[in-house]
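Assemble the whole structure, with the sequences as input and the hints as a guide.
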Amino acid sequence: MSAVSTARPAHPAYDQQGEQSDETRVDAAMRSFVREFGVTAALHMESCVRCGMCAEACHFYVATGEAKHTPIHKLEPFRRAYLREAGPFAPLVRGLGIVKKLRIDELQKWQELIYDSCTMCGRCTMVCPMGIDIAELVKEARHGMFKAGLVPDRLALMDRAAQKWGSPATPGEDLPDILAEAAKQYGVDIPCDLPQADILVTAAPAELGEHTKALASAAKILKRLGVKWTMHQGGFDASNIGFNNGDLALQERLTRAIIDTALKIGAKTVLLPECGHAYGAARWEAAKWYGKALPVRIVHMTEFLAELIESKRIQVKNVGETVTFHDPCQIVRRGGLQAAPRTVLAALGMDLIEMKDHGVTGYCCGGGGGVVSNVRASPLRHKVFEIKRQQIEATAAKHFVTSCGQCQITFEQGAKFAHWERKTESLLELVADNLVD
Amino acid sequence: MELLDFARGTALAIAFAVFVAGTLWRLAGVLLLPRIRDFSPAREGAPPAMLGAVRAVLRRMWPRKEFVQATMFATINSYVFHIGLALVVFGLAPHILFIRNLTGLAWPALPSNLVFGIGVITLAALVGALARRLVHPVLRLLSHTGDYLSWLMTVLPVITGLLATSHLGARYETLLAVHILSVAALLVWFPFGKLMHAVLFAFSRGATGMRFSHRGVNV
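Read top to bottom, the protein sequences are chains B and P. Position 350 (the first sequence) corresponds to 470 in our numbering; numbering is contiguous. Position 156 (the second sequence) corresponds to 1054 in our numbering; numbering is contiguous.
Hints were generated in silico from the structure; no laboratory data involved. Worth double-checking, as some hints may not be accurate.
To be verified - Covered by chain B, per the in silico footprint, the following chain P stretches (three or more residues, Cβ under 8 Å): (1) 960-970; (2) 1040-1053; (3) 1081-1095.
Just so you know, even glycine gets a beta-carbon here, dropped at the ideal spot from N, CA and C.
Next comes the structure, spelled out in structure tokens:
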């Protein structure tokens, strides 16, 4: 009798949606994978020298030391699809059987690597000597996994809610009540569904539930500007779960809901919430659904605040205490907004003590790319969180600030698990709380 | 003499043909794929796309300071064998003679003893790279047959070249023939494996440079 157990674990590390056959799933994944290979993706699949440096940049590898968390390894099914079906030598590779066809059990096994242990933070992109944008490739690989019905159930659940409601948090029809309640609680007017406005203000899911203070803070600041703005049932949640899950159809729908609503009400600006993936989806990807430059400006809350401060349209009090800042990956490393939060903190007279790794090489919070919502990944996420916790502690700064709601929730959950007495503050709320009257 | 004639003649001719055709095929196969245009407005002050590409190509010559320590061995060892290979290929008098016969171009050679020493160091670095690949769990996981084949195709010309230079193991003509055949094998393999990074690195880094300089990120 073999000493190796062949019994399956009681809880397989993958979930499946739908009733399609294994063969159909593999075919769907392969078809989607192959469609992704434009010039850049193909160049990046071709150029890897298998040096393994990307492991050293990945918080999942650094925290666990497990080779399977090497970023480029997470793309192995994608690589095989490329070599067999899309690469310049594909007929040769297939004909000689050099690379084997993907099997369903391999895709199932890789689900954990593609969804649980990758936040698409792109730190690996910064170390790769070939400049391979691994994070983007993982996002593209997720498109195939979604088509195959092979995403974590928690993310699939949120996906279904967003398909129905336009947000994983709440149906659009509840928005007026949520805003009215927040307005009452914080004593500030939050316009909803105005037929015409200059700025369409959007939210992140948590701001429609526990964190409505963010909405009130935005309202407080916008009131100072004397501009006409509104939130709108037609497009209100900018977090774009489709972007994270690999559900391209949903990503397009959610994007169009916001842009089309902005156009409908004549808004020139869409103001994004403190949310990283919202920035990735709207600022850099929205235009692709329209095939041309958008007629509205997409602006993240963080750069909006920096602009208001620099143009002296708002003034803030001197807080004058030490602070450290967590750079949300999607707005800094992958979004280019490294200077904006620092401008705001300087205006608040705060003494910024940078973490050992910050800016474009800062460590991810560990919850991006849907990982914070994917409950089964929590044990791994808590391990990763420790890297960040130590770097924050090392600064000994009084305040810990970030500008992404998703990061904030990840930090709050991580702190709770680690019994760590540390509050994560929102840059937006810090500004709103310290406006000069 | 027959083996040497074959190596110098037919073998090298075929190898060059495969090298050139294969490289062009692979490059064209990738570069002719559809381009996904980015319609998002560039960050204010973003450099022109080509400048962003060139910057990324240059910046990735050395790791960012945050990653220097963790990637130290691979970075330095890789530089040793890349520079070593270049010095040996382009610095040894017989190589320059070979290139002159082929292209008419020539330049002063390095002292042959020095090139021999560089060859030995290069070989040591390549052995180091293989040892690490066989021992390090990450590299073991990532390595496919093609990666080991690429290593073998690179190291064989170095070993056979050193043997030929030191007249060790067989007649000089035989050693030279084997050396040339190993180079032919390298050329034949080049378009199919990861050795293509010698060409692709600039495109790959450049594409990322374009994507992120557009967003105002210095990658």
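Outcome of the hint check:
no.	hint	in the structure
1	960-970	holds (count 6)
2	1040-1053	holds (count 4)
3	1081-1095	holds (count 4)
Violated hints: none; the structure is consistent with every hint.
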